[in-house]
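Visitor: Listed here are the chains, written in short residue letters.
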Amino acid sequence: MMAEKMLVQGNEAVGWGALSGGCDAFFGYPITPQNEITDWFAREFPERGKVFVQSQSETGSINMLCGGAAVGFRVITSTSSPGWGLMQEGLSQIVATELPCVVVMVQRGGPGAGSIRHAQMDYTCVTRGGGPGGYNNIVLAPSSVQENHDFVALAFHLADKYRNPVVVLTDGLIGQMVESLEIRSFDFEPLPEKEWALRGRDEQKDKVRRFLHNAPGILPMPLYPNYISFLKHLEEKYHKMAEIEVRYEAYHVEDADLVLVAYGYPSRSCKRAVRMARDEGLKVGLIRPITLWPFPHQAIKNKAIAGSIFLVVEDSQGQMVEDVRIASENRGAVHFLGMWARHLPTDGGMIMPGIVLKEIRRLLS
Amino acid sequence: MSATETKQKVVGKPALAGFPFPSCPGCQHPVVGRMVFEVVEELGLGGKTIVVIGVGCHGGPMFFANIDAILAPHGRAPDIATAAKRLRPDALVFTVQGDGDCVAIGAGPFIGALTRGEKFTTIMCNNTNYGTTGGQLAPTTVMGQVTSTTPKGRSSELGGYPIHTAELAATFRGTAYSARGALTTGAWYQRTKKFIRTAFEKQINKVGFSFVEVISACPPNWHLTPVECLEWIDEVAVKEFPLGEFKNLGEIT
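Residue numbers (this note's numbering), protein chains in the order written: chain S, 1130 to 1494; chain X, 387 to 639.
Derived from the structure by calculation, the hints contain no laboratory data.
Glycine included, each C-beta is placed from N, C-alpha and C at the ideal position.
There is no bait here: all hints are sound.
Simulated coverage check for chain S against chain X, where a stretch passes if three residues somewhere in it have a Cβ under 8 angstroms from a Cβ of chain X:
1. 1151 to 1158
2. 1175 to 1186
3. 1193 to 1199
4. 1211 to 1222
5. 1323 to 1332
All chains should be built: construct the whole structure from the sequences, respecting the hints.
Guide: Here it is as structure tokens:
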């Protein structure tokens, strides 16, 4: 069968990805630059018999997500940076209650209300959980319209697999750009039924009530006799994710003396810069983390051991660069090209291939 | 009805009530819980019910009850109930909240649910203070009432005036039912229980949002004996918060 292909905007691809991922409900609050996502679900979900609710705030969205997940459905919300801030209490609660959900975060500039254009200034708060309590979410970083679709579908699978939120971290540029999209279906590994979900006792197979607690073990429970046993359980889950869910793209990395590290839209500038540098005979490659958490530490470390140096390109004041420094374990020099290298000093400025190439030349000369 | 059955009905524990959650002597929250369990049992819906538990003492009776339950973050129960009811429209979904949970920290979610005319039920225990954290000013604290954050009594300069939640809920077009009850006498127990039953029936009939506020004694934080609490409710609280039904619609047009 021919796969359906269409020309769509990155934000709308999130909606199509949710459909491919078997999503049942969307809860969201308008915020630029992700409004096309909210609009897409408002338009497409009710007519498919699925649930769309425009919440009263982002705290509303995230807690509706908690409710929808608790009763056993695949649920999604989307927001941008200030809204992400508002969601942290709820997200922390969802983690503690071990509920699966997908949060699409279309980054804009900050701090504060900031800009309504693209940026990558929320890497640290997104990859470190975000709310109180010390926890982790898998963070997927698309760099194209197609990946917005594919990663949202994947996110639903991973969320259910671990009973944990998954964040799809994109930005205003990926959200607003228009590219060709192929609607795909995915054969993810089968997952067990959600026997833990609230349905009303009669609907449970064993007819036993379910109690979704946000601090299991504080009141002794059969599964968690005390609080530490529950925290250890969460920790084991994070170790498992870190062990098997790391994803990244390696582009001309094999023989590279200099490895660029970039995610999201700057990774596209970097790919072009790699090709331009290769034309000049410079041995340059790119490691593009796809999971920002768990971070591809080993791939970076291997190149550091092999003697490569690194140039981290991110549209921020320098956040992912810290992870690359940790991963390189002080073996190879880690350089940084950040938002000061934008082609314009305005909120619309971008990191272009040319300036990346210039920095490559400087570092390899 | 046999003598044992009668005894069970009068002094026994409703079948849905689980292990009793500890509460202070004279606290009326467990009585509200008992009333809810009795109504759900009478409606025969124990196996089709989902309760969203707010943060505060009012939630205790629901912890071990034999119905599906989830704990909400402070004030967020209406958001969770919104999604639960929309995705499982055939379940009986209700929130149990305190006055601080419902109309202070949770005012946004509560007003949001009212505005959207969500078809779940909220049972709000009003003990005119923050019981769990040691008796601070609540939006429902009556004028002059001493709390740990109004040591000289609530004054309008510092704390404004009490909020009337049942009356407020009734003003929303999507609200099918709103009432306020109390537990000071046997008669008021029966009336309040009927309010809760009517509220659940509005949900079952998919009419609209339904709300019941129950004035609930808090002896340690009111610094009164349990009996004095009942007198204070009659003499002071009920003057600020009149009892009765504020809205009862068969259909929203």
